[in-house]
Amino acid sequence: MSKQKQVQLRKNVAPYEKSNTKSSIMQLINTLIPFFLVWFLAYQSLSISIWLTIALDIVAAGLVVRIFIIFHDCTHMSFFKNKKANRILGTVTGIITHFAYEKWKRSHAIHHATSSNLDKRGTGDVWVMTVDEYLSASVWGRLTYRLYRNPFVMFGLGPLYLFLISNRFNRKGPKQKERLNTYLINGSIAIIYTLLIWAIGWQAFVIVQAPILFVSGSLGIWLFYVQHQFEDSYFENEDEWDYVKAAVDGSSYYKLPKVMQWITGSIGFHHVHHLSPRVPNYNLEKAHESTPPLQKATTITFASSLKSIRFRLYDEANKSFVSFKEVKDLMNKPKPTVQINTRGTSIQEK
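For the sequence shown, the numbering used here assigns the number 1 to the initial residue and increments by one for each residue that follows.
Derived by calculation from the structure, the hints in this document are not laboratory data. Hints are not guaranteed to be accurate.
Below, simulated DSS-like cross-link-like pairs (lysine-lysine); rule was C-alpha separation at most 25 Å, straight line [to be verified]:
1) 307 to 319
2) 255 to 245
3) 22 to 245
4) 175 to 11
5) 120 to 84
6) 5 to 328
7) 81 to 3
8) 83 to 3
9) 307 to 328
10) 296 to 18
11) 18 to 120
12) 319 to 5
13) 18 to 83
14) 328 to 18
15) 286 to 3
16) 22 to 120
17) 245 to 286
18) 5 to 83
19) 307 to 5
20) 296 to 3
21) 84 to 175
Here the structure is a predicted model, which means the values were calculated and not measured.
Go ahead and model the full structure; you've got the sequences and the hints to work with.
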């Protein structure tokens, strides 16, 4: 895609960057009210059947994912026109989703600015090693990476690490606003938890809240993972990296059933979001449908997305993700030996 076409593509999406206050308020109503209602019903159902409670927990977890998308829009200042309104709502939804608003806003902005850039990995993204990096890594380095990319660790232990550690502590050297916002959210969560445990008992609270956090956390990590980890995803070094290509070719269109699209706040149109983060979630589909070049983005379905679990390493030579199994032969292959004659030149390679 030429630079001229890239500029035109961003101009075509620009009209959808405007938030609509009525649409935003309606989304708050049809998301927050159902969440609190389902949470309450999950608690009430404990007297009927724990399996009914678990079923309602899963529904509530889906609503938490949708609340997170609202939180996510607030970090991009795209949910409301007013910046202060975005910060207030972002903090409130941060309490519900257990994410520190200012801290995540910063790391996610870095993710957008460096997505698919091989020279700027490490902040706000999923750890990706190239094949060459993996082959040259120590045994401990390979083991650490393999554990990190293991589905049971990433989607099982990942939510626990996210909610209990990563989101609860500030990074080194944060600005005062970021540091205080994390304290505010942590303190609010502690107070709410204390009141709920006092009101309904710790056992009931754990049975209702723990599955909600775990399921929503796993779903959130899955969405973040799968939309950048597809076979021919775009990755380049800094000197060749291009923002528009990273958005359109490095992010997928995750085509989900309408119910799941609603639950996930249309974040499946991830290529649109990376091209223009200021587009609110309720305009993503409109931008996609009205912009033909965006419809050429890699499309994955739920069934095809499951294949991404085996994509572990990025092969720079072939511009694609590969599995550990595919690089196993490279690791076991003996390095060629070269015989040198007395003149210092190669005479035979074995």
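These are the hints, each one checked on the structure:
Proposed proximity of residue 307 and residue 319 is supported: the alpha carbons are some 17 Å apart, at most 25 Å. The hinted pair formed by residue 255 and residue 245 meets the criterion: a straight-line CA distance of about 20 Å does not exceed 25 Å. Restraint check for residue 22 and residue 245: not satisfied, since their Cα atoms lie roughly 33 Å apart, outside the 25 Å limit. A distance of roughly 34 Å separates the Cα atoms of residue 175 and residue 11; the hinted pair therefore is violated under the 25 Å criterion.
Between residue 120 and residue 84 the CA atoms are separated by roughly 31 Å; this puts the pair beyond 25 Å, and the hint is violated. Distance restraint check for residue 5 and residue 328: the Cα-Cα separation of roughly 41 Å exceeds the 25 Å cut-off, and the hinted pair is therefore not satisfied. Of the supplied pair hints, the one linking residue 81 and residue 3 is violated, its CA atoms being roughly 30 Å apart against a limit of 25 Å. For the hint linking residue 83 to residue 3, the alpha-carbon distance of about 31 Å lies beyond 25 Å, and the restraint is violated.
Taken as a hint, the residue 307 and residue 328 pair is honoured in the structure, with Cα atoms around 19 Å apart against an allowance of 25 Å. Restraint check for residue 296 and residue 18: satisfied, since their Cα atoms lie roughly 24 Å apart, inside the 25 Å limit. Between residue 18 and residue 120 the CA atoms are separated by roughly 30 Å; this puts the pair beyond 25 Å, and the hint is violated. In summary, the hint linking residue 319 to residue 5 is supported, as the alpha carbons are separated by about 23 Å, within the 25 Å threshold.
About 13 Å separates the Cα atoms of residue 18 and residue 83, which keeps this hinted pair within 25 Å; it holds. Taken as a hint, the residue 328 and residue 18 pair is broken in the structure, with Cα atoms around 49 Å apart against an allowance of 25 Å. Straight-line distance between C-alpha atoms of residue 286 and residue 3 comes to about 24 Å, which keeps the hinted pair within the 25 Å bound. Straight-line distance between C-alpha atoms of residue 22 and residue 120 comes to about 39 Å, which puts the hinted pair past the 25 Å bound.
Between residue 245 and residue 286 the alpha-carbon distance is near 21 Å, which keeps this suggested pair within the 25 Å criterion. About 31 Å separates the Cα atoms of residue 5 and residue 83, which puts this hinted pair outside 25 Å; it is violated. Under the criterion of a C-alpha separation no larger than 25 Å, the hint pairing residue 307 with residue 5 is inconsistent with the structure, at around 32 Å. In summary, the hint linking residue 296 to residue 3 is supported, as the alpha carbons are separated by about 17 Å, within the 25 Å threshold.
Straight-line distance between C-alpha atoms of residue 84 and residue 175 comes to about 18 Å, which keeps the hinted pair within the 25 Å bound.
The earlier numbered hints that this structure contradicts are 3, 4, 5, 6, 7, 8, 11, 14, 16, 18, 19.
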